[in-house]
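Next come the chains, spelled out residue by residue.
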Amino acid sequence: MSHAYGILAEYDTPAAAMAAAQRVRDAGYTRWDVHTPFPVHGMDAAMGMKNSPVGWFTFLGGLSGYTGGMVMIWYMNAYNYEIVVGGKPMFSGFYAFPVCYELTILLGAFGSIIGMLILNRLPRLHHPLLKNMRFATVTHDKFFVVIQCDDHKYNETQTRTLLQTGAKHIEMVEE
Amino acid sequence: MSNIFPKWTNRLPLLVLAGGLLLGGGVVTGVTYYFTPKYTNVGYQPLQPVSFSHKIHAGELGMDCRYCHNGVEKSWFSNIPAASTCMNCHSVVLKDDLRLAPIRESHEKQTPVPWVQIHKTPDYVYFNHSVHVNRGISCVHCHGKINEMDEVRHEKTLSMAFCLDCHRTAHEKIRPLEQVYNLNWKSDGFTPEREGRALAGKLGVEGSTSCSVCHR
Amino acid sequence: MSATSDHTPAYTTTTPAELQRVPLVQNQRSLAWISDKVAGIIEDDAPRWWWYAFIPSFLIATVGFASIGYLITTGVGVWGLNNPVMWGWAIVNFVWWIGIGHAGTLISAILFLLRQKWRTSINRTAEAMTIFAVMCAGIFPAIHVGRVWLVWYPLPIPNANDIWPQFRSPLLWDVFAVSTYFTVSLLFWYMGLIPDLATIRDRLRLQAQHLTGPAAQFINKAKQAVYGFFALGWTGSNRHWSHYEKAYLLLAGLSTPLVLSVHSIVSFDFAVSQVPGWHTTIFPPYFVAGAIFSGFGMVLTLMIPLRSLFKLEEIITERHIELMCKVTLATGSIVGYAYGMEFFIAWYGGNPYELYAFKNRAFGPYWWAYWIMVSCNVISPQFFWFKKIRTNMVAVFVLSIFVNIGMWFERFVIVVTSLHRDFLPSNWGYYSPTLMDVLTYVGTMGFFMTLFLLFIRFLPLIAISEVKGVTPQADPHHELGGAQKEVSH
Amino acid sequence: MSAHSPAAHASAETHEHTLWDRLPWMAAALGLLGCVAGYIIEGQKNFAHAYLVAFMFFLSIALGSFFLVLIHHLFDAYWSVPIRRFLEHLASLLPWMALFFLPIGLMSGDLYYWMSVDPAKDHALAVKQVLFNKKTWGIASAVLFGVWWLWTHKLRSWSLRQDETGAAECTVAMRRWAASGIFVFAFSLTAAAIFWMKSLEHQWFSTMYGVYYFAGSVWVALATAYAIALLLKRSNMVPMMGEEQFHSLAKLLFAFTVFYAYIHFSQYFLIWNAAMPEETFWYAKREQGNWAYVGWVIILGHFLLPFLTLLRIDAKLNLKVAIPIFVWVWLMHHVDMQFNIMPLVQPDGPVFLISSLSAMLLIGGLLTALFLWELRRHPAFPLKDPRMGEAVRH
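Chains as they are written, first to last, in my numbering: chain A, 2 to 176; chain B, 2 to 217; chain C, 59 to 547; chain D, 1107 to 1500.
These are computed hints drawn from the structure, not numbers from a lab. All C-beta atoms, glycine included, are put in the ideal place defined by N, C-alpha and C. Hints may contain errors.
Claimed, not checked - Derived contacts from chain C toward chain A, CB cut-off under 10 Å, selection only: (1) Asp220; (2) Ala256; (3) Arg263; (4) Leu264; (5) His268; (6) Thr270; (7) Thr293; (8) Leu316; (9) Tyr411; (10) Leu413; (11) Leu509; (12) Leu511; (13) Arg515; (14) Gly527; (15) Asp533; (16) His535.
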């Protein structure tokens, strides 16, 4: 019943994985990935990836935190229930600032982490790679390049050859 | 060599999200109900020593509130009448009725009738009846249609929000002074926006919301 | 300055032996060694000393919570508070704990932005310390309100009173600051943990192959389920790393102003008032510096035993300890500057009450607290100018304890000495704590240690993936990272 | 690697007729003329205050550079090795500032109101009579220039000595001077801010004031350093100057943008909240007339604009952004100094003075000439600094 998910190549060093990534990138594959125990400096370029847009989530979160806070404080302390305290104005950006500042950070932080999860499609607890025992060393000290079978350029022999250089081991991963 | 998590777990984020929304909605509903004026003493209707009916006295007989609660105009406190007030009539009317035995006993022994107080404000709240009734605020606003109750029950929330609500919009509640004790008054032609505001201005009703108005 | 100079003067790029930098992970350890070492701490049985530390901590925490229970059922009268000293140990402990938390965020966020790679060995533990410290801190404002069941009042929830929180109050700013601080620190910490949780999960999978017996297999499965669940299915994908790193950077960028703001807002609790000794404009940066100072004191107090007990000297090297000593020295000196400035301006400003407040601090009934504070916070860190002391673990440990003590006394001095002399001499009083004050405070220490010991038992106390990332073999352009020798970049 | 010796490279003849040599002198001459005109037209009091603004402005740059040199040693930094030499030159302008201080000494009676007040009738002055009398003020000023001379001179001479020997001993010596220097720096900067600027209104006090002047000083020094580094890079005088240096400088500039805002906000906020007249009068005066708009200019221009601009990494390296920002930072720091000093003579709002511009030109021109002279006399970067290797590699 099981069918192939993709082809997995294992490398010993970040340099070998990066070289393989550059070859895969230049060959024009789209549905593939590099898996490493830590973020490898320069791998994004080797894979031809764009800058991450997580910042927009942060920005939107922060903006809504700040404006939401200001509106909330104005509504509560200056509109819905005016109350004189300490001779201060009913509403002032000064006294409202500390709380709005914190809300900016709070929602900005939520924006960043939720943005990251959405962009990464995480959590994804069940994954074909997580069934593969060899792949378990990905969080240890091994580097992997995985090309999925549903890539339009996928061809078992050609893809295998492409990954061959520097690879320690190559195998198919079952779905 | 199987993955410990079956495939359906990939839908967990959505499930968690849906569950979270459901739970969140539940909490909000709960908070709205229990933290808002809907949940107070409303409906409290203790058994009184004498089954005195406001419906008969104030409604059908048309007695004025002030006949019994005669301190309401003069004092912060609206008094519960002494047994002697009852005896003004009941020494003649239903003078031997069994239901009135506690009243007669109280009258003879000079001890108070053990009425159960229904409407209470907390110790830290100052409420002045005379200020309200003398400024065009009717009994009905806080006590409801007493004249239709056989047994008195807690009709309004009397929460802080209840007070504030009225203090913010006093012109909507105000009525001509002669109608304060008319619990059935219909505000025909007396609009809050025009007559209400005018009367509030004339009587100097500000409906202040500052803390020290009530918490002194 | 002319554009014509085509000659560049000769310069050398050699470094004399005595100025060579020490590597962050010593002995050129391999990537595998790092995860084996750190994950091994969790996988091995708990060492005996762990139990010796855990059981008393847990008991002390229990006593602390019992004393809180007594407080709640009886009332805040069980504390030594009086009039005029209406803020006592509770607020002192609150500020102290919150301050301790600041080092964690500084290490994880600010040093990250400054690209101080040495942070990777200590950030996980320091962040955990932050979270536990903030939890301990949060207890005090919650219980000091007296009627604990009404503690939700500062939250902007529609309620039966139709009133809203009063946003002009610095205490409300505190509510937002501290809860934001806790939430963001937790998010940041958890996010850092994801790849390491995946490491533990994968190691469990590999170990499962060698297990015999249903009980052992079940335990392994259960652990896999727990660690795997929180690892969120992390596969080390570079596409994921890309978003992950960006989000991490952004969280660091957000945490930096956050950590500055939290103690600034705590300082506003005092400084927006008109109480002599509290109202002074230098309070925000001074509190932040003090917080970082005390936090590093606590990190050192925890790290020095930890690195020797778990034999982590190759990851948490002498250089790490030295650098932390330097931060302690810098912030301690800033705090010293602020003490001096406060005193000077109290005189300079010409307000007799202000001057009296400061004279009273140094020479009044609480003189001992003031001088403990000065000697611990200003004088003791000055020893860190000497490399001999910075590299002597016993000395550093002892000095770090002084820092902790000094910073507690700083808050005590600020809170109590300013309050106990009111404007009217008829209001003057003296404050001393009761047994309940002491038990609650010591109880939070037990609570902190309990949480901390559980943390080092069940979670990787060093950021495995981050430490790997700063080793030379992680660099694809380095020989150890697999780069060809002749290839230059 | 060229065998060309640094001394020959720096020979003065090759530079004699460049525009760079003449421009500072021209500016200074123009400034001098303007100062004379301003003094006559606008009167001594106006001139004195305008001159003090210029003085405090340039003092900021020198003090800020001094600080950057100190922390370079204290942090054992590598990235700032290529820029350290010119920072040392900038810091070494501090003793020269004594020269520019002379007019302030001469006009002190017009600047410092307390000098002509009877302390017996002024409580605020009476309490600090020990400090605020002409004699102490003069001695304190002299001491400040003295300690600045000692530390900047020592730090630079050890640095120059290392150019020849490359010995680790020099690094250690510089670290020692930096260690004591950071204390000297903190107290001298605070004293300078109090004696020369805060004492303009001797009734006012704020514990934050020293930190406030410090934040602005480092900020403007960083922008200046960025600009000079850029020029040195363009003229190829410091070959290893690169992205690392510019990025770090811009990042620090960003950090200090936030730090200044934090400090100024905190000072204002605490005074606003406590609302005690003995403090609020200072800001109240600065909310009169058009000064209120200047306050907004500081919020938006000193903080928001550079903050938003420098937020992105690419902006920190983009010259089209960096150069305008550098000019802007100078302008904003000048506005900040104006905000501190000028309301005393212009209660209704800022008014353009010939003296303001001229004093800037005069002091700025002469300091630039001094700086260029120093730059030419010595190698443009530390030749044999042990951390140079790291700086080059990164």
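Cross-check of the supplied hints:
1. Asp220: holds, 7 Å
2. Ala256: Cβ of alanine 256 (chain C) sits 5 Å from chain A, so the hint holds.
3. Arg263: holds, 5 Å
4. Leu264: Holds: closest Cβ of chain A sits about 5 Å from leucine 264 (chain C), inside 10 Å.
5. His268: This hint is violated: histidine 268 (chain C) lies away from chain A, its Cβ roughly 12 Å from the closest one there, beyond 10 Å.
6. Thr270: violated, 18 Å
7. Thr293: Constraint on threonine 293 (chain C) satisfied, holds at 5 Å.
8. Leu316: Cβ of leucine 316 (chain C) sits 5 Å from chain A, so the hint holds.
9. Tyr411: Interface hint status for tyrosine 411 (chain C): violated (20 Å vs cutoff 10 Å).
10. Leu413: Interface hint status for leucine 413 (chain C): violated (25 Å vs cutoff 10 Å).
11. Leu509: violated, 22 Å
12. Leu511: This interface hint is violated because 25 Å lies over the 10 Å limit.
13. Arg515: With a closest approach of 20 Å, the arginine 515 (chain C) hint is violated.
14. Gly527: With a minimum Cβ separation of about 4 Å from chain A (threshold 10 Å), the hint on glycine 527 (chain C) holds.
15. Asp533: holds, 7 Å
16. His535: holds, 8 Å
Violation of the numbered hints given earlier is confined to hints 5, 6, 9, 10, 11, 12, 13; the remaining hints are satisfied by the structure.
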